[in-house]
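Starting from the known structure of chain W, fit chain U onto it as the hints suggest.
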Amino acid sequence: MILWVMPDSGARTKTDYQKLVERFKKEHPSAQITVQVLTRNQLWKKVFTLKHPAAGEVIPDLIQIPHYWTALLTRSGVAENLSKLDPGLSLSSALAPLRAHCYKPGTKDLYSYPWWFDMSALHYRVDHLKFVTKNPEEELSTWEGLLDVCARLQEYFKEVDGYYPMQNGDWRGSLSTRSTFMEVWGRGADLFTPDLRDTLIHTPAFKQGVKDYIDLALKQYMPILRERGSLGTMISGKASMLLSRKQGLASFHGRGRSRVRTLPVPRTGQQPQAYLSGMNLMINTVGKDKETALEFIKWSSRADNQVKYASAMEVFPAFEDSFEQLIFSSSQRLQTYATILASARALPNITITGTVIELLNKILAVSATQIVEGRFTQASLDIELDKAAKETQYLLSLYEG
Amino acid sequence: MFDKEAFTLFKFAKKLNQSFQNRRELLDCALPALRDLFKLDRVYFFNWQQERALLSLNLMCKKEYCMDMQEDISVLGEPDFLKTLLRDGIADSTELNYPAVYVLLRWKKPNMILDGEEVRTVRKDSVGVLRLERFRRNRHFTEAEKKLIKSVAAEISHNLTNTEEDQAKNQRLNIATALNDLATIFASSLRLSDGLELILQGVQKYFRFDRVRLYQTNYDGTKIKSILGIDISGEVARQTGEDLPEDERTLLKEIFSSGATYRSINNVVYIPLKVQRKKVGFLTFDNLLSRRRIDYLDFISLKQFSSQIALAIDNASLFERVQELSNYDELTKLPVRRFFSEKFSEEIYRSKRFDLILSLIVLDIDLFKQINDTYGHQIGDWALKEVSRVIRTSLRQTDFPCRYGGDEMVIMLPRTNDEEAKIIAKRLKERINAIAIPDRYTDGQRVTLSISQGIASFPQDGRNAEELFEKADKALYWVKDGRRGTFAVYREVADQVEE
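Protein sequence lines correspond, in order, to chains W and U.
Counting from 1, one number per residue, gives the positions in the first sequence under my numbering.
Counting from 402, one number per residue, gives the positions in the second sequence under my numbering.
Incorrect hints may appear among the rest.
As the list claims (entries may be wrong) - Result set (BS3-like, lysine-lysine): computed pairs, CA atoms no more than 27 Å apart in a straight line: (1) K463(U) - K19(W); (2) K45(W) - K509(U); (3) K19(W) - K464(U); (4) K46(W) - K440(U); (5) K440(U) - K14(W); (6) K288(W) - K19(W); (7) K509(U) - K25(W); (8) K463(U) - K46(W).
Just so you know, the hints here were simulated from the structure itself, not pulled from any lab data.
Here chain W stands alone, though its shape is the one from the complex (with noise of 0.2 Å):
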């Protein structure tokens, strides 16, 4: 069986797969599994040509996507109906907001499986904002707060070389669309209009909600397209916060140098807002082994291999008694996710939604080259937001669901 999954782990996301494989072969002996690695770039180009392999290229069996992947997916045949493979196969004991995003639109046939999943907070150094502020919960609750702390923090740590108040918590080092949905979010916008029919981005709260999270680079307190490795860290004491997944906190604990605490991210409405990002997993149509895949799907919604794997990869267990599992027997700090999880939202699981988050990045990726280089404005950002609005309204009359 061959196995695509994205770089979850960073540099050690092969070593992670390899122990879990191990592990799976311990109960299926006989099973080959071969893991590639794949940058969600690749594999969101790749998905596209599955249908037609051509000769030599590589054919997966099973396939981890974002949970907002399957209706694409399905609808353009390359994700296997589940429930054909197996009529028993359920999803009763999934977590309640994941559940939806493994079905085909309108129907009940399951095409792809949780597997994981992450959601934002903010986790900052607590030696650090102790310098700024008296009470870093209060003030950290809204995104002027934030703002307001980013700057005492500057100020503080001016003489560091290389300080950045926030740590970049995307991984390419660049502006990340996902962060951007919880500032979209307070202001009452959102990438589509509930019925899924129209969508929002040209609307002036979209916009707001972008332009609050590109402040963070515009003012400088977040280090973008920079090598990695020289940015302002947690760990090394240049950065003092991260708007972040729980991806990659792990680091925290064994330093033992600071103590990191964990917050929802700071509003910028009424309500704290928190983005959930399922992974699933999903067997490919045309793939050769489908009995393996489906033995490994099920393998890994069991509850103590979904607990051995979140902790591995530093995620959340997709299911109810592993997530409740984890996180009650984590530190204090994680339980905070608990709350997080109650204001959670994912993305919706139409055809279309990662051909928007595509546009998005694009213009993301844009507009970081041009703050970059000193060039970005707020017209032109707005203006290209217009544009993704109008292509995303015609991508939606396009495909319906």
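Relative to chain W, chain U alone:
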């Protein structure tokens, strides 16, 4: 004297001395070799996006393995670093707190361009960058090492040029094979619609577009006649031009008139289909959903292939017109007897197979010979045209009329019982009775036309085409026997007909 540098280079070149399918395969071999040679902790390969002054990470190679990764680094804020890198081909990292050097790779990449109708290959400069890292702070890169790294980078660059050349050749070969396959599919399709469907499916399969659509236009290329489309699910959809949303129609007309063909930024390609400057339609391919850039080589290959499609569509349209002419009577514009018989047999078969009903009307113009003799053949022809016009415009879409011969006409009424057939016969009778011969031919007298009609129904009156026709004809003769201008259902007069 032993030249260590030359020997090292020889060993490195030997490792790369093999055929690579693509750049990734080459780097998968070269980067670990580089890592081992210089005892590196990590090696990275970046693409240089010159227009954005950005280094975009592609591949990371560490001790155990190589892995695809992504990272963007702007080099704009680093003019000295950039200057050094471009001037010397190698530069130390100015930001990392451990030893790291960047080394430039320059190679040639073949690109196909369309020069008029000719396809030419031009070789463009490509630039990439390797970053070599050692995590231990005291393990700096010596000048001798840097010199050797540059030589090794030159070797990799040389191999990149060869690999890109081979890859382009393979790509062209694959496309040629694909187009050849498509042409074979097209040539072996008997019907145009089937052929086009297979072609579009083939294009989507080989070139892996999200959507493929064929727009056919009318003879002068001003209106969109129909659309045949295949979307990402692979489903075939047919649409007539009338159903197109207004904005899409306008957009497509604009594209047609402007001749815009390749819009790579929008991931859409439009290829007009022309035969000797006559526009017969156009093909559009898009990757709107996946946002994948459509390769220019794919575009020019399909553009060349499009002339075959255009010619086939044009031939088929001409064939359809010829067929149309031979199937329809020139005077009355009604289908001819042969065409009708084909359709009638098919419909009888369908009715038997699915237990459906069907009726048949046989009619002729009353006293037609007299009209010809009295007013001349010109008026006779006029009468035939007028009666046919009424028939054509009074029937439902599913009904099928024909000029059977002389002034005799037949109408097939699928899924119609005799009562419904009587309603249609009555409508025809009334409308034809309203037709008056122009009074300049009748000395001012009002002379109107009338028809006699006989009706038979399947399965009650007959179970095959001949039987049904015979019964309807008998009912017609019963009407003509002193009841002209009316109609009769065979079963209702059977006892009077079958004496």
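Hint check results:
no., hint, result
1, K463(U) - K19(W), "18 Å, holds"
2, K45(W) - K509(U), "25 Å, holds"
3, K19(W) - K464(U), "17 Å, holds"
4, K46(W) - K440(U), "34 Å, violated"
5, K440(U) - K14(W), "21 Å, holds"
6, K288(W) - K19(W), "24 Å, holds"
7, K509(U) - K25(W), "45 Å, violated"
8, K463(U) - K46(W), "24 Å, holds"
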